[in-house]
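Asks: Whenever a hint applies, use it, and build me the whole structure from the sequences.
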Amino acid sequence: MNDKLEQELKKALRRTDPPAGFAERVLARAAKEEQAKLAREKRRFQWFGMSGLRLGVTCALCLIVAASGMIYQHERHQQGEQAKEQLMLALRITSSKLEIANQGIRQINSPEQRPE
Amino acid sequence: MVAISNVMSAAAVPARDLSFEDLVHEHERMVFSIAYRFLQNAAAAEEVAQDVFLDLFRNLSRLESAAHVTFWLRRVACHRSIDYARRNRNAASEVSWDDLGDLAPGDGRVKHNEDPMLSKRLRQVVATLPEKMRMVIILRYQEDAGLEEIAQAMKIPLNTVKSTLHRAHALLREKIGTAIGEGNI
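Residue numbers (the working numbering), protein chains in the order written: chain A, 1 to 116; chain B, 1 to 185.
If you're looking for bench data, these hints aren't it; they were derived computationally from the structure.
All of these numbers come straight from a predicted model, not from anything done at the bench.
In this text, a Cβ means the ideal position worked out from N, Cα and C, and glycines have one as well.
Errors might be hidden in some of the hints.
[Claimed, not checked] Below, a sample of chain A positions facing chain B; criterion: calculated Cβ distance under 7 Å:
| id | residue |
| --- | --- |
| 1 | E8 |
| 2 | P18 |
| 3 | A28 |
| 4 | A30 |
[Said to hold, decoys possible] Far from chain B, by Cβ distances over 12 Å, these chain A residues were calculated:
| id | residue |
| --- | --- |
| 5 | I64 |
| 6 | S95 |
| 7 | A101 |
[Stated by the list, open to error] For lysine-lysine, the following DSBU-like pairs were computed, each having C-alpha atoms within a straight-line distance of at most 35 Å:
| id | chain 1 | residue 1 | chain 2 | residue 2 |
| --- | --- | --- | --- | --- |
| 8 | B | K155 | A | K4 |
| 9 | A | K42 | A | K32 |
| 10 | B | K132 | A | K4 |
| 11 | B | K120 | A | K11 |
| 12 | A | K4 | B | K120 |
Replies: Pasting the structure below:
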């Protein structure tokens, strides 16, 4: 009984042809999807390219700013050192002058020089 | 022997080496027929079948061989057809026999020893079966799939396939009996 039913089902349920042009429509959709995928990849590549350029410019600017800062700091430091040296020199000169003046005062005030 | 070895070697060809166009031409009848027999609507079946092939187009590089492609297409056609039916269940009205067309095979040929009226009624009755039963019957008798293949395609246990098939036979006999009179099958 089951065999008879199975045989009849096999006869009744046979594959059906798809509508005319089915394969062409599938291939057209696949081609369209492939084109869209390529366009997406191209846009992504361009975006990454632009990002790379932006990143490069940003890095270069950062380097320039950092280098300028370092140079500025270095110059400030040198100026400070020069000012310090000048101050030290001035202090030494002042000190030697004061020493001379002090010696003059001591000579004037010494007992040998004092009148009897 | 030569023919068998040719078939074996063709089935072993890596899927990435197969032309998508050739695959569409080779499998369009199988994919469309599964969807058409299940959904009973040519436009819906074409939509599902196109989506199945586009899925194949996206995943072709991941498939291992021509045999794998056949298995994969059958499985995806099953699941997409069931999903489509579930999505559109609310929109679709109850299917009655009178609403259904003949759903005859596209070639229109009548097989030797085939009773056209009985075949027509069987197709109509199959179309009214519950989803899971309908898909099991389609895979078993339209695609000539083994029970194990059906279980793999539908991702259900083998015992479930057996019990579903058993219940489907009983239901078909009951419905056919009432449709064309007892004693024919």
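Asks: Would you mind marking each hint as holding or not holding in the structure?
Replies: Hint-by-hint comparison with the structure:
Taken as an interface hint, A/E8 checks out: its beta carbon lies about 6 Å from the nearest beta carbon of chain B, inside 7 Å. The criterion of a C-beta within 7 Å of any C-beta in chain B is met by A/P18, whose closest approach is roughly 4 Å, and the hint holds. Using the Cβ-Cβ criterion of 7 Å, the hint placing A/A28 at the interface with chain B is not satisfied: the shortest such distance is roughly 10 Å. A least Cβ separation of about 5 Å between A/A30 and chain B falls short of the 7 Å threshold, and the interface hint therefore holds.
At roughly 47 Å, the least C-beta separation between A/I64 and chain B is larger than 12 Å, which holds for a residue marked as non-interface. No beta-carbon of chain B is positioned within 12 Å of the beta-carbon of A/S95; the least distance is around 88 Å. Every Cβ of chain B is farther than 12 Å from the Cβ of A/A101; the closest lies at roughly 99 Å, confirming the non-interface assignment. A C-alpha spacing of about 28 Å is found between B/K155 and A/K4, which places the hinted pair at or below 35 Å, so the restraint holds.
For the hint linking A/K42 to A/K32, the alpha-carbon distance of about 15 Å falls within 35 Å, and the restraint holds. About 22 Å separates the Cα atoms of B/K132 and A/K4, which keeps this hinted pair within 35 Å; it holds. For the hint linking B/K120 to A/K11, the alpha-carbon distance of about 10 Å falls within 35 Å, and the restraint holds. Between A/K4 and B/K120 the alpha-carbon distance is near 16 Å, which keeps this suggested pair within the 35 Å criterion.
The structure does not agree with numbered hint 3 stated previously, though it agrees with all others.
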